[in-house]
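Novice: Residues per chain are reported as follows:
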Amino acid sequence: GQQVMQIPQYQHVQEGEDFTTYCNSSTTLSNIQWYKQRPGGHPVFLIQLVKSGEVKKQKRLTFQFGEAKKNSSLHITATQTTDVGTYFCAGRGYGQNFVFGPGTRLSVLP
Amino acid sequence: EAGVAQSPRYKIIEKRQSVAFWCNPISGHATLYWYQQILGQGPKLLIQFQNNGVVDDSQLPKDRFSAERLKGVDSTLKIQPAKLEDSAVYLCASRAPGLENEQFFGPGTRLTVL
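In the order they appear, the protein sequences are chains U and P.
So the first sequence is residues 1 to 110, counted in our numbering.
So the second sequence is residues 1 to 114, counted in our numbering.
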């Protein structure tokens, strides 16, 4: 079945540094979503990417969908303590349900 | 608008006991999901409903887990009997009509099986 992998598993950064998490699927995706889960909270939708090579920005967050629609990345510029949490990608194969990756846990040191 | 409601928030049971979780999705959301999230992992889909019909239950351990959404609104997920490895957060999510829409998650029920 479809597998979704994310690296790194953990990332510790100093406030103000950049952060990137990478998501890879074993199969070609129709679309991909990103979610953020704060400690003790539930996943909250950030964005969805659909087109090959698509790039979307939300303030300090930049999301990319690979040309082959098998990988994606989330980049945060100048991290803040409010960025702390676990970032999940969820990939949907054609005709299938979303499969969540294991997540990247971000810690931001003030 | 009100979010996805779940109850209880926490539940502690002993192995071999039964437990049930309840979810009330956002009004108008025809699609409802139940996920299992083990500590340190991503959510794993257990079952998906479209209105009151099951769309995908391929990863539901049917020997012990069951779920229903009889009137196409709220839903219950049951585990009988529970095992130690069922300790997890059970998340309910709902989605508005349309394949591209985001999933809205409830706060989850944290289950501890002793």
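There may be inaccurate statements among the hints.
What the hints assert, rightly or not - If you anchor each label on the Cβ, the simulated ranges turn out as follows: (1) P/N52 - U/G40: 30 to 36 angstroms; (2) U/Y10 - P/E14: 29 to 35 angstroms; (3) P/P81 - U/K59: 45 to 51 angstroms; (4) U/G41 - P/D74: 20 to 26 angstroms; (5) U/G41 - P/E14: 40 to 46 angstroms; (6) P/K15 - U/A68: 43 to 49 angstroms; (7) U/G41 - P/S66: 25 to 31 angstroms; (8) P/S18 - U/R60: 44 to 50 angstroms; (9) U/A78 - P/G40: 24 to 30 angstroms.
What the hints assert, rightly or not - In silico contact screen, one side only, chain P against chain U (beta carbon under 8 angstroms); selected entries: (10) P43; (11) Q48; (12) G53; (13) D56; (14) L91; (15) P107.
No wet-lab data here; the hints were simulated from the structure.
Cβ coordinates follow ideal geometry from the N, Cα and C atoms, glycine included.
Novice: All hints are to be evaluated individually against the structure, with a verdict given for each.
Specialist: Evaluation of the provided hints:
In this structure the hint that P/N52 and U/G40 lie 30 to 36 angstroms apart at CB holds, the actual value being about 32 angstroms. As the Cβ distance of U/Y10 to P/E14 is approximately 33 angstroms, the hint placing it in 29 to 35 angstroms holds. For P/P81 and U/K59, the hinted distance range of 45 to 51 angstroms is satisfied, since their beta carbons lie about 48 angstroms from each other. At roughly 22 angstroms, the beta-carbon separation of U/G41 and P/D74 lies within the given 20 to 26 angstroms, and the hint holds.
Take U/G41 and P/E14: their Cβ atoms lie about 28 angstroms apart, and the range 40 to 46 angstroms is violated. Between P/K15 and U/A68 the Cβ separation comes to about 45 angstroms, which falls inside the hinted range of 43 to 49 angstroms. A beta carbon spacing of about 28 angstroms between U/G41 and P/S66 agrees with the range 25 to 31 angstroms that was offered as a hint. For the pair P/S18 and U/R60, the beta carbons lie near 47 angstroms from each other, so the given range of 44 to 50 angstroms is met.
The hint said 24 to 30 angstroms for the Cβ distance between U/A78 and P/G40, and at roughly 28 angstroms that hint holds. Residue-level restraint check for P/P43 holds (minimum Cβ-Cβ distance to chain U is 5 angstroms; threshold 8 angstroms). For P/Q48, the suggested interface contact is upheld, since its CB lies about 6 angstroms from the closest CB of chain U, less than 8 angstroms. The closest approach between the C-beta of P/G53 and any C-beta of chain U is roughly 15 angstroms, which is over the 8 angstroms cut-off, so the hint fails.
Interface restraint check for P/D56: the shortest CB-CB distance to chain U comes to about 5 angstroms, inside 8 angstroms, so the restraint holds. Taking 8 angstroms as the C-beta cut-off, the interface hint given for P/L91 holds, the closest approach to chain U being about 6 angstroms. The beta carbon of P/P107 is positioned within 8 angstroms of a beta carbon in chain U (closest approach about 6 angstroms), and the interface hint is therefore held.
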